[in-house]
Structure formats: C-alpha cells, structure tokens
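Let the sequences and hints guide you as you build the complete structure.
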Amino acid sequence: MIFTRLLICCLLIFLTTVIPKSVAGEEDEADIIRIVSLYRTQTLDPIKSVFTGSIEAFGQLYTRLLRLDENDELIPGLALRWEISADATDYTFFLRKAKFSDGSPITADDVAFTLLRMRDDPEAAYSETVEDMQNAWAIDDHTLRVRFNSANIPFLQGVETAFLGIVSRADVERRGSVDAFSDIPVSSGPYQVVEWRRNDRLILEPNPHYWRAGYPLNDGAELIEVVDVNTRIAMLQAGEVDAVRYIQNSHFAELSEDPDVVLPVEPAMRVSVLLLNHDRPPFSDKRVREAAALALDMDRITKAMLRGRGRTANTLLPEQLEFYDPDFPGWEYNPDRARQLIEEAGATGADVTINITAPDSDWEMAALIVQSYWGAIGLNVIIQKMDQALYEQRLEDGDYDSSIEWWYNDSKEPDLAVRWALCGSCGNRAYYTNYQNDRVDELVEMGTAEMDPDRRREIYREIQALAFRDVAQIPLYYFPWPNAYSTGIEGLRLRPSTQWTLEEARRVP
Amino acid sequence: MSEPLLKVCNLDVSFRSRGGETHAVRNVSFDVGVGEIIGIVGESGSGKSVSCRAILGLLPESASVSGRIEYSDQNLLGLDTEGLRRIRGRDVSMVFQNPASHLDPLMAIGAQVSEPLIHHQDASPTQALDAAIERLREVQLEHPEQRVNSYPHELSGGMKQRVMIAAAIACGPGLLLADEPTTALDVTVQARILELLKSLNEQHYLSVVLVSHDLAVVAQVCDRVLVMRHGEIVESGDTKQVIYSPQHPYTQQLIESQPSRMTIRPPVATDTDTLLDVSNIDVEFASPGGGTMRALNDVSLILRQGESLGVVGESGSGKSTLARVVMGLVKPKSGDVKLRGQSILQKRNRLDLSVCRKVQMVFQNPYDSLNPRYSVYETIAEPLERHKLVPATKLDERVAELMGLVELDSSLASRKPAQLSGGQCQRVGIARALAMDPELLIADEITSALDVTIQAQIIALLNRLREERGLSVIFISHDLTLVRSFCDQVVVFQSGRIVESGAVSGVLEQPQKSYTQELLLSVPTL
Amino acid sequence: MFLKVGKRLGHILPVLLGISIVSFGLIQLTPGDPARMILGNKASVEAVEAVRERMGLNEPVLQQYGNYMLNLVQGDLGESLRYQQPVSELIMQFLPVTGFLALYVIVLTVPLTILLGILAARNRGRWIDQLIRMTSVLGMTMPVFWLAMLMLRIFSVELGWFPVSGFGTGFVGHLHHLFLPAVSVSIYLIPVLVRNLRAALLEEMNADYVVASRSKGLPEGYIFRRHILKNASLPTLNLFGVLITWLIGGTVIVELVYAIPGLGTLMFNAILGRDYSVIQGLTLFYAFSTVIITLVTDMLSALIDPRIEL
Amino acid sequence: MIARWPKSLRFGAGIVLLWLIAAVLAPWLTPADPYAIDLDNTLRPPGGDWLMGTDHVGRDVFTRVVFAARIDIWMGVMGVLAPLLIGVTIGLFAGYFGGLFDSVMMRIVDITLAFPFLILVLAIVAMLGPGITNFIIALALVAWVSYARLIRADVMVVKNAEYVQAARTLGFSSPLIIFKHVLPNTISPIIVYAMTDMVLVVLAGASLGFIGLGVQPPTAEWGAMIADGQAYITEAWWVSFFPGLAAVSFGIGLSLIGDGLARMLRIGDT
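Chains as they are written, first to last, in this note's numbering: chain A, 1 to 509; chain B, 510 to 1035; chain C, 1036 to 1345; chain D, 1346 to 1615.
Hints in this document: simulated from the structure, not taken from any laboratory.
Every residue, glycine too, gets a C-beta built ideally from N, C-alpha and C.
Treat the hints with care, as some may be off.
[Stated by the list, open to error] Below, a sample of chain A positions facing chain C; criterion: calculated Cβ distance under 7 Å:
id, residue
1, A124
2, N199
3, D200
4, V227
5, T231
6, M235
7, E240
8, A389
9, L390
[As the list claims (entries may be wrong)] Computed list of lysine to aspartate or glutamate pairs in DMTMM-like fashion (alpha-carbon distance at most 25 Å, straight line):
id, chain 1, residue 1, chain 2, residue 2
10, D, K1352, C, E1238
11, D, K1504, C, E1344
12, D, K1525, B, D988
13, D, K1525, B, E651
14, D, K1525, B, E823
15, A, K97, A, E222
16, C, K1265, B, D946
17, B, K847, B, D946
18, A, K303, D, D1383
19, D, K1525, B, D905
20, A, K97, A, D399
21, B, K903, B, E916
22, B, K840, B, E823
23, C, K1265, B, E663
24, B, K840, D, D1383
25, D, K1504, B, E894
26, A, K286, A, D399
27, A, K97, A, D171
28, B, K707, B, D946
29, D, K1504, B, D861
30, B, K707, B, E651
Here it is in structure tokens:
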C-alpha cells in the first residue's frame, strides 16, 4: 500500500519533468544572438574597467568617433571626417547627426565630455590615451576640437577603443557618475540594455536610434557568463548559445569534428608571455633570465598549446601591431647554453615559482611544460595555482618569481603596448616585472611624438630588440581568439581588439 | 477441573546465533485453566519470558520453537502469521515489564487502547475510543476522558502499566500473559497493579499467567506456581504447597533467599562515636521545564561508627541524592555534612582524597558502574595505582587480596564487565570501593538489579565486611524487608523529606506515619 | 509556543553577530583587492586608490565594521562593491533559483528515500538490501562535478532531453531546466538519507512497543506505517534538516556545472571578485536560513514527537 | 581476530590495504615517472606501453593513479585526524564540564555550522593560499565542529554513567577521568564517523580541485586528475575514468570499513 503510493509519487515526479519537453517545445525564436563567456561584465561605465568581459559589453553599448572595417582598418564612425594639425597636437572631428538611445541628439559636447571625463575621473581605469590632452571642446554641435600638450600620434587609434565610447553628458550629470551606469545606461551604440542580471547575463536589444541605419541585423543579444569551460561547450553543442568565448586546448579536437561548430582562426592582438620578476633572484640576474628563455623549445610549446592555430612569438609585441618586427630572430632552443648560464650565475637548484590563475587548464598545461624544460636546466620549479584576485595581488606586490600571462592591446597602435608592457617608468613597472631600461623609456616617449612613420618604425624596432635582449619577458606565442561558433549564425566574429561584430551577426536563413 | 484453556506441551525454544544454537527453553509443559492465575517464577535467563512469548509467537526470527501450544483446542504453533494475529489481543493478550518502552511514545494512549478494537472488532475510531475510555476506567485510571489524549511520557509508571493492561483487555481476551508487569514499579504501585490483575481475574473470569522473578509477588496472587531454572521447570504445583514444602533444592534456595527469610544477624554497633553528621541539607535541581525542583528538603541524620543505616523510600524520594551529597558529587544549596566533626563539603570539582579514602560508594547498576573497557584487575588496581596506596611491587598482591575479600575467583581478573554476571560485577564494585580502605560505605540500591539468590549472597558479603572490618554502611533500598534484616537504624524518605527515622525495630515494627505503614503493607512477603 | 519560537530567534542574535565578525575578519585577512578586480590589471594605481577610497576600503578596519553594523541594524545589507547594487536585491535575484532547486531536490529525495529505506530495511541482508547499500556507497563516493558533467554530456548534449544550463521560464520550464541539477544533488543526498532511515527503521523494528503492538494482534503493515515509520522518521528528519541547510549553501559545484544563476554562483563570484559586502550579506543570509531551517525541523519534530519541547 | 570481523569490514579493509600497499610501493609498481611529461605521446589510449593511457601532457595515467594514492591517503588521514583531535578534545571538555566553556564552544560551533562548509573552506584557502596543507588547515578549522558535537552528546550521557561517578568518588583528577574513562567509551561512533568523513574529505579535495584551488600541479591526486581529465572526456575518456575509479574504490573501501566497524561496535545497526 505504502509502496504503491510511493511508486506513484516517483512516477508522477518523473512525468512532470519529462513532459515539459514535449509540451513546452522550443522556446520563442526571435533572432537573438547568444554568446557565452568566461568573462564577466563588471561595469557598464566604459572608463571604469579594462577587464575583457566589460570591454566586450562597452563596445555594444557605446559608439566611438571612429570604427573599424572588416579588415580592421580605421573608418569613419560617429565622426564623418577629421583633420589633424601639422604638429599633431590639434584634432578636429566633424560629427554626423546621431541620437542616443533615449532619443536625444549626440553632440560634440557629449564627445568632449566623454574625453574629459576619462582624463579627469580619478577612477578611470586606463586613461593613457588622453593623459596628455590639454582640452577638448565643442566648436559647434557637430564639430569637436581636441588639443594635446605635445604631438600625439597614437590618439587616432585610441579614440576607436571601447573605453572612449560616447556617453550622454546630460544623463551622467543628471543621474551621477555611478547611477548613470547601473542597470540601464543611455547608450549610443548598436544595443541598449534590457536587463543586466549581474553575475549571470547582460540582455541587450537593438538601440532604435543607432546611427548605422539597418543595424543591428538581429533582434537582440545576450552575453552570458559561465565559469566552467565544459558547460560552455555543452551549451554550444546543445544549441543553447551561438558562440562560445574562450574554449581551451582540451576541446579543439572534439569541436573540430563537430559539423555544427566552426572554429575559425581569429587573430588577436595579444601575446602570451612568461613574466619574470627582475627584482628578485634568481631572475634579477640577466643570465638566468636568458637561460630560462634558451631552455624553452618554443616551437614545441606552441605546437602543444595551440595545435597549429598560432605562431611562436619572436618579439615581445603582438604580431598584429603596427611596427611589429617580423624579421626578428626570436629565441633559439639551446638547453646546453642555458645550463651553462645557470651554472655561471650559480643558480643551479634554485627554487622558482610559476604563478598561474585557476581554474585554467591551458595555463596549467603551459606551466607543466615550462616546468619540465626548466627542470632540465637545473631550476627547481614550483607551480602555484591561485584564484585571480590573489594572483593579481601577488603580481602587483611583486611577490612572485615568474608568471604565465597573456596581454593584449586595444588597438594596432604600439604606443599603448610598450607603455604598458615594457616601459619601467610608465606606472605599471613594465607589467609588474620591474624591468627598467632607461633607453627603452626614452624611446617610448619618442615614439608617442614621432610623426614620421619610418622613424617610428625604427624606434619600435629598437624597443623590441632592447627589451628582447634584456629578457624583459619571455614571449611564448601569438594565439588567436579561441572562440567557437555555431554554423547557424553568420557575421559574428571577435576583432583583434576584443570587440564583437555583433551588430552584423544574424541567423543563417 | 474442566478442560484447560491453554495447554503447553513439551515446549522447546532455541536461538540460532553466529556461535551456534542456544537452548533457552527445554521440554516445558503446563496448562492454564479457565479463570486461573498461574505464576511462573525464575531468575534471569531461566526461560520464563521466552516461554511466555512463545505462546503468542512473539519471539524473534532467530528462534525455533517446537512442541505444542493449544489454546481452546487450537494449536497456536501451527498457525500462520494471520491466524496468530487473530488470536493475539482478541483471545490471548500480553502485558510487558517496562511500560515506558512498550507503549509507542508518539501515539496518544487512547488510540493505543483503541487499536485492538479497531482491528479485531471493526469498530469505528470513535466507537473504539469510547470503549477505550471504558477500559481505562476499568483499570482505574483516573479521569480517562481527559487522559485519552495524553501521551505515554506524561504518565507515571503505574499509569502506563494500567494503560497497557487496558489495551490488553480491550477485546475481552480469555487469557492474559503478564510478563514481569510490576518489576519496574515502586512497591506501593506494584501492590495496586497486582490488586487490579486479581480483580480483573475475578470480574471477567480472566485467566492470567504471571511471570515474575519475585516469588513473593507470585505467591500473593497465584493459584499455582511453576518454578523455572535454566529453561526447565524444576517444580510446579499449588502455591501454598510449593512455598511451604518445596521439593526441589533450587526452590528451597529461592525461598531462603527471600529477604524476609534471610537469616542474617547484623553485628551490633558497639562504638557510639558519631561518624557522619548530616544537617539541614537542601538540594535543588533545575527542572527541565524551567524553574527548580527541590530534591532534598531540610534533611538531617546521624550515623554512628560501625552502624548500618537503612534509607528507604520510593523512586524519586531523594535517597540517591542524599548519597551523592555525602559523596560530594552533588553540591547542596545549604546545610552541612560532617565526618567525625569535620565538614567534608567539596568546593572543587575534584574530590578531596582524604575524604574519599574515608567514604566510598557502591552503585546500583552492576554493569553501568564499571568501565566496560577495563578488566577486573584494572578496575581494582586503578585507585591503588593512582593514589599510590600500595607500592608497585605489592600491587598484584593487594588486588588479589581485595578480590579474595569480595569472594571473587582470581581467574576472573582479566575479564571485562561484559563477560561477568551481575553479581560478579557488583563484587568488583565493592572491591574497588574497599581498595580505598574506607570507614563508611554507601550502598545505593546495590541489589535491586540482581536476582534474589545473588542478592542474598551480596548482603551476606556486606554483613561479613561489617563484622570483620567494622565498616559503617549507609544502605539505600526500596525494599523494606531487606533493610529490616540488615540495618540497625532506618530513615524513611518521602518527596525529599525524612518522614520517619529511628531504630529498625521501632520504625518497621510499629510505624508511626501512614506512609511508612503503606510502604510496609505493600511489600509482598511469603 | 510563540514565546519559545521567539526565544529561539533571540538566541540567534549572538550567533549572527559572531558570524558577522568572523566573516568580516576572514575577508580582511584574504588577500586580493576588490578595486583591482573591477578595474583590471592595466588600471593605474591611482585609479585603484580612488575606487578604494570611494568604497571606504581605506578606512580603519574597525570603522568599516562599525559602519557595516550600523547599516545592518537599520536592515541594510549594504551595496555590492562591484555592481553598486543593494546586496539584498542581488540575493533576491538569485534566491528563487536556489530555493526552487532546494524544493525540487526535496520533492525528488523524500519519496525515493522512504521507498528505498523501507525496501532495504524490510529485506535486510537480502540481495535488494545489498544492492541498495552498494549503490548508495557509489552515489556517495562519486565526485559531484564529475557525475554532473557526465549527465550533462549524456542527457543534454547527446540525447537532448534536458537543457544544459539556466533556470528556464515558467514553472514547467523551471522543472525542466533544474531536473538534472536536482538529480545530481539527490544522487548524493539519497544515499546518506537512506542509510540513516534504514538504520532507524531497523532499530525501531526491534523496539519493545513493536512487540507490544504485535501482541495486540495488529497487522504488520499497520504496525510498520503507524508505529515504526513514524518513530524512525525522527532522526532522518533531523538529518534532512541538516542536509537542507547544506543544500542552500552547498550547491555551488552543481550550480557552476549547470550554469544555474543561484546563490552558490553568486557566492562563488563574490569570493572570486572579493565583493566584500556580498560575501558578508550572503553569509549572514545563510546563517539566518540555517537557523530558520533548524527551527522548522525542530517544530516538525515537536509536531511528530510530543516529548520534544522547542 | 580478523575471522570475527564482519564481512564488510574485511572487504573494506582489504581494499584500503591494497591502496596502502600501492602507495608505499608506488615507485616499484609503476613503469614511469609520475611527473615526466612527454609531448610526443599525449592522450594515448590504454594498452601497449601505457596500461591506462597517457594524459594531455603525455604523463602515464597508471603511474599517476598509483602515486596519487599517497597524496589522497595522506589527505584523507590528515584531513580527518586534525579536526578529529581538535573536535574530540573540545567536545570532551565542553561536555564534561559544561558551564561557560561549554556555552562559548557551542556558540562557536553554531557559528561554524551556519557557515556553508565549502564556502568557508574556499575563503580560508583563498586567505592562506592554495595547496594541500592549507586545505587541511581549512578543513581542521571547519570540520572539528562535527566531531565536537558528536562526542559532546555522548559525553553528556557517559559523564552521568555510574562508572564515571565512581571514578569521581575515587578522587581521580578530571583529566584522568576524561581521558581514561570518558574518552574510551565515547570514541567508537567517532571512529565510524571518521571513516565516512574521510570519503568526504577526499571528495571535498576533488571539488576544490574542480574550482582550481585543490592540490597544486603537477601533484598526482585523484580529484585533480578527474578535474583535469574531464575536459578530454570525449577525446580521451581514460584520463578521468581511471582516477575516478580509484577514488570510488577507495571511497567504497572506507565506507565498508565504516559499516563494518559500526556493526562490530554495535553503533546503530547498519
């Protein structure tokens, strides 16, 4: 009796769960593009974060003066055309007529406000582009003037970056700098926010006032955050999402066999490196750093890590950057010389830590390989896997020996890249490596102001050569975005500068 | 005599276990006539309860039963479960020893009494409940209408036993099997329950099988008696005949072990020095429902050197609390305890060794009072070792000596409590107390969990120790006859107060207080 | 009754206070900077300082705690450092999902536990008992994330029966989306509960009152239902209460694998992002719900067992 | 002696003993170096040179599974021993003496219990930094409460037992009574619980490994190996299957020991 009742109970539960499949059927099919990513949207204020997840969202919400064409070349965006003064200190932009998502016009004053806000807000995360800006003002509603203290060549590339997405002055002043970007900000880009479920997803719908008529081509988008890579891929395979951001080495084989999935090689302006702490033995000794580089069989590492989807890095700059030197020889694999250098430096048997962030199986794999190579030349390698916050803290505090990292640049302009990664006096201590070479710092400043492209090329070539010989960092490989797409959509890709072409994406009819 | 109601022929019960088969009951035959009360007497392990349960097929699955059990010409052993179920509760029903555990704690008593009515007579729940109220009235439970909704834990032991009886007679069975129905109860309650059984027997012509370890109880109500030992009936017959002219030596021993028959000559205290002076002790406990409960109320008594003081009273009257106050295990709210004129009330958690050496205690439960992980040797040696009472080289010798003193065979030294009998355990407890070489021994109900024959031996042992060592004893017991045969002085406790005290001969022969009289009257004697 | 419940609730105040101190202390001792976690590693030190200043992280620790408690007394759990959204709102956003999952697990677990527990106890020592025991051990020793991953691969990707992720819409949608997660949790819970119930049943089956009931001629099935099962349910109910409290905070892994936006995910992200106020608020919320669930279990026990007083 | 053990205890002890032997003799039982990577032979299927195949960096799975027994057994033992010692000591004293110490300890227990277990461990690991030692420290700080509660409840009963009263009347000191009389008679359920707990510790370690905060690479540990390998589940099932099998078999062994001990010591009837 009690058994039959219980059995019926269990049966009922089972039925209620299986029936929905047939009853509910497929969910509504508006043309919504869903992208699942490891990276989180942390804020919707374009100047307040440089984290990948946030940047990807900024691009969808805020239009910029310039934009990129399909070949990633600069073309007019909100600015129809622009003029640069001969000394490269004055920029004048002529804006097209456009509206914010609330229907108000986008004026030159809004753009000036956007630029000045980035320069002046103490919380602006990454204001290098406008650091040297003297002023920005509206000449009239559709004409903007920007003036720098000294020649500033990189600026034009800089205005294309997502951080300089244009925000509404009226709205920011009305709601305040914090509230204007919580929940639903006034957007100027292709999309506006329907709902921001923090820690879960950002739901977007087309901005009806977007200046590019006819765009977006879809009915909306969702940027979904999922921690586990296996889940992300399962979601793609089950057709729940259209694109997966950041798949790992482990899944290439499986996904490349899946007929419903494409794995395009999408170039990224980034380089994978081994950061070395120049302030702490043993890597404070240049011989040890050199040995560490010579010990690594870069081609093997690249092959193992990328499965043929990218190249070994030959300099410290991403290969997509302007003035990248493709002819630089890079590191040769010479373990004997490495062992000899280690012995000379008296570092045989020295303890060396490699910090990596968890959970990331690729970094762990890379660390294992490096450990094996370094072990062969007599270093005693300890891998330390830790959560991102702890990792960042240790990096910033200089509390590490070496660290496997990648960094990317927001535009083709090498100025930002070298300031960030190699310049010891530019604020970040050369990506927290404490690398210091006065000549490099000097060349960095020269590069910003140099107007002649050939001479600029020479400057950046020298920087690359100097930093490489100093073993500022050890470049490992250039790797494309590891994204996977459903064959059901077209027009979606991730630009080298970490921006989705979401407005051009649509479902294959 | 007409055809018997129940006929048990050649009943054999054995239990299968990993170690093999053990025979619990062998070749037991007896019968019960209509309206007859027969008693089955025996000590623990004699097979009396097993025989009783075998009648209703209530033994665990590991039991195998053979023989014949006929109830009104129906062989009960031949019945299937359903057939047995129809008999149980309707024709033959049973009441058990421990009413607290034999009632479902989660069900109101009214429902528990109604259950058999619903299942045997298809009564509706309301009808059954009305009938249950009637039955509860019959077993003299006061205010049955209100009590039906009570739960077992809200009732006293006696009331619970009445409820169990009410449920047993709910369907008007012909035979009631009563398995030690009064063992866990106080004497006064016991007397009333026995009275109730007797009156049910008379009013409803109900046959009763009364199983008990206490010959006196059985003698009080039964027409015939069976004496069992080691699974066999050693003697049976008319009650008077068995008691006055027992044939079997075991029956004789059983009768002689009765406290009232015990031939103990307690040594007379010659010393008149006051050993222990307890004055105006008040003890309060926090009661579970909040507030406080007064366990002892202005208790004073005096014990002279070499004397044996009996402390009697029903459970919860404060006897044991007194013992614990004297031992320093319970701190009184006020009052004082003096040993030879010196206050021995303890301040710290650890008891003062000098006091411990003079006052020692033996506990009620033989198994619970020994650490189950210690061997006999370890138990006795521990105080000697810890307090360095003897040099290490003399330790073995002293342990052997103590074991000899309590008449424990030296071969038992390495055994753990689980491998000992109750009486042996109690001897170990006494030996452990004696290891401290005390002047005063507090014996807290030390025989209440033991069979009568063992009880007699332990009492004899205590008596010998008094004689040989001039030991003073506070003897706590609920059994007045025992106190009468063993003690010089007696105090009677009721609800935390001393209601009467004085020399044993005076108090127990001519009690002044009605409570003492009632206690005395309730004690079944041969 | 009300008085006793009130008294019990009064007891939790010191516990909550202790928890707030411990969690505050833990957070302060944990390395990592919430400001850095928002701004990113390229951000300048000045920007990080500015954000820390706005968040009040540069104030002395005691003052921070004082401010926090002052807000808390007014019923304000504070704002998420990362999202500038009230913590209570964030919790309310994620709570229904976890709540639904917990209920779902209960609905799946209870009948199966009773069924299997009874089957095992009644057939003690026979093959069905052994089978149930062995599968229980298997269910308990299988790592949750591994099992969850396998189920996801088989039932969602290969067979397409259930969705991989999310919460779905509407009651039926929720049922459908959370089926696999609920099963994953149940597979761990059921063995624990079945073992407990089986042991309790076996113990009660040997209880004196069962023999007494039998002597009254009651049918075995009735005895089992009305007496044994009821008595045996008490310890299992208590264990169940403990497990439910565990469920509210302990489904992190399952939530991560099935990408369910529940409290576990929220806590996980808050810890990774060092979102102090969210961690604090959630911890207090967990503690509070633990106490409430314990109270409810105790009340249920008291309902079944008249001997128990709250 | 062993002949009188229940069947489940014998079986369980057998499994655990096998793993112990494997752990001790790991270097002699295995053909390879557990940490040697071989990029030419990644994800090789079982058979041939590799009994259980190789993983994503070409390490021999069999070797690693066997070596992992060392870490997992150590983790299980330490992860149980540390909280057991703390919890039992606190529970004993709190239960025996009662009073203020008991009240304070029980409040601390309440506080710890109200913290979600995994999250507390997560926070502590984040605070102390990852690694197996810190994981065990975190466990010790959290898990002692279960032991304390368990033993305290028993102590409350045993301290009123007559043999404990007797020990007091014999004038023994409290520590002596606690450790010689109370502890031995309350420890059995703790031991049984510890067996189950050991399974949970190994599982918790694995769960933490899934979030990436468990043992540090390249340490061979079953949980971490399962977590690493599950990404390759379609391409190379063996990478996570064999460590999974090992963990489950070890867990079953421990559970059986727990079952058997419970039966032998007559704690409940399982």
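Here is what the structure says about each hint:
Proximity of A124/A to chain C holds as hinted, the smallest CB-CB distance being about 6 Å (cut-off 7 Å). This hint holds: N199/A has a C-beta 5 Å from the nearest C-beta of chain C, less than the 7 Å allowed. Hint on D200/A holds. Least Cβ distance to chain C is approximately 4 Å, under the 7 Å limit. Below 7 Å, beta-carbon pairs count as interface contacts, and V227/A has one with chain C at about 5 Å; its hint therefore holds.
Below 7 Å, beta-carbon pairs count as interface contacts, and T231/A has one with chain C at about 5 Å; its hint therefore holds. Checking M235/A against chain C by beta carbon gives a least distance of about 5 Å; that is within 7 Å, so the hint holds. Evaluation of the E240/A hint against chain C yields a held restraint, the C-beta minimum of about 6 Å falling below 7 Å. Of the supplied interface hints, the one on A389/A holds, with its beta-carbon coming within about 3 Å of a beta-carbon of chain C, less than 7 Å.
Checking L390/A against chain C: minimum C-beta separation of about 5 Å stays under 7 Å; hint holds. For the hint linking K1352/D to E1238/C, the alpha-carbon distance of about 21 Å falls within 25 Å, and the restraint holds. Simply put, K1504/D and E1344/C have alpha-carbon atoms about 23 Å apart, close enough for the 25 Å limit, and the pair holds. Taken as a hint, the K1525/D and D988/B pair is broken in the structure, with Cα atoms around 35 Å apart against an allowance of 25 Å.
The straight-line distance between the Cα atoms of K1525/D and E651/B is roughly 50 Å, outside the 25 Å bound, and the hint therefore fails. A C-alpha spacing of about 35 Å is found between K1525/D and E823/B, which places the hinted pair above 25 Å, so the restraint is violated. Among the hinted pairs, K97/A with E222/A is inconsistent with the structure: their alpha-carbon atoms are about 28 Å apart, more than 25 Å. Distance restraint check for K1265/C and D946/B: the Cα-Cα separation of roughly 53 Å exceeds the 25 Å cut-off, and the hinted pair is therefore not satisfied.
For the hint linking K847/B to D946/B, the alpha-carbon distance of about 19 Å falls within 25 Å, and the restraint holds. Among the hinted pairs, K303/A with D1383/D is consistent with the structure: their alpha-carbon atoms are about 13 Å apart, no more than 25 Å. Annotation: proposed proximity of K1525/D to D905/B holds, straight-line Cα distance about 21 Å (limit 25 Å). Using a Cα cut-off of 25 Å, the hinted pair K97/A and D399/A is violated, with the two alpha carbons roughly 51 Å apart.
This hinted pair checks out: K903/B and E916/B have alpha carbons roughly 20 Å apart, not beyond 25 Å. Restraint check: the Cα-Cα separation between K840/B and E823/B comes to about 22 Å, which is no more than 25 Å; the hinted pair holds. For the suggested pair K1265/C and E663/B, the alpha carbons sit about 19 Å apart, so the restraint of at most 25 Å is met. For a cut-off of 25 Å, the pair hint linking K840/B to D1383/D is broken: about 75 Å separates their Cα positions.
Note on K1504/D and E894/B: the hinted pairing holds, with a Cα-Cα distance of about 22 Å set against a maximum of 25 Å. About 19 Å separates the Cα atoms of K286/A and D399/A, which keeps this hinted pair within 25 Å; it holds. Between K97/A and D171/A the alpha-carbon distance is near 19 Å, which keeps this suggested pair within the 25 Å criterion. As the CA atoms of K707/B and D946/B are separated by approximately 50 Å, the hinted pair breaks the 25 Å bound.
Pair hint K1504/D plus D861/B holds up; C-alpha atoms about 19 Å apart against a cutoff of 25 Å. Using a Cα cut-off of 25 Å, the hinted pair K707/B and E651/B holds, with the two alpha carbons roughly 19 Å apart.
Hints 12, 13, 14, 15, 16, 20, 24, 28 from the earlier list are contradicted by this structure; the remaining hints agree with it.
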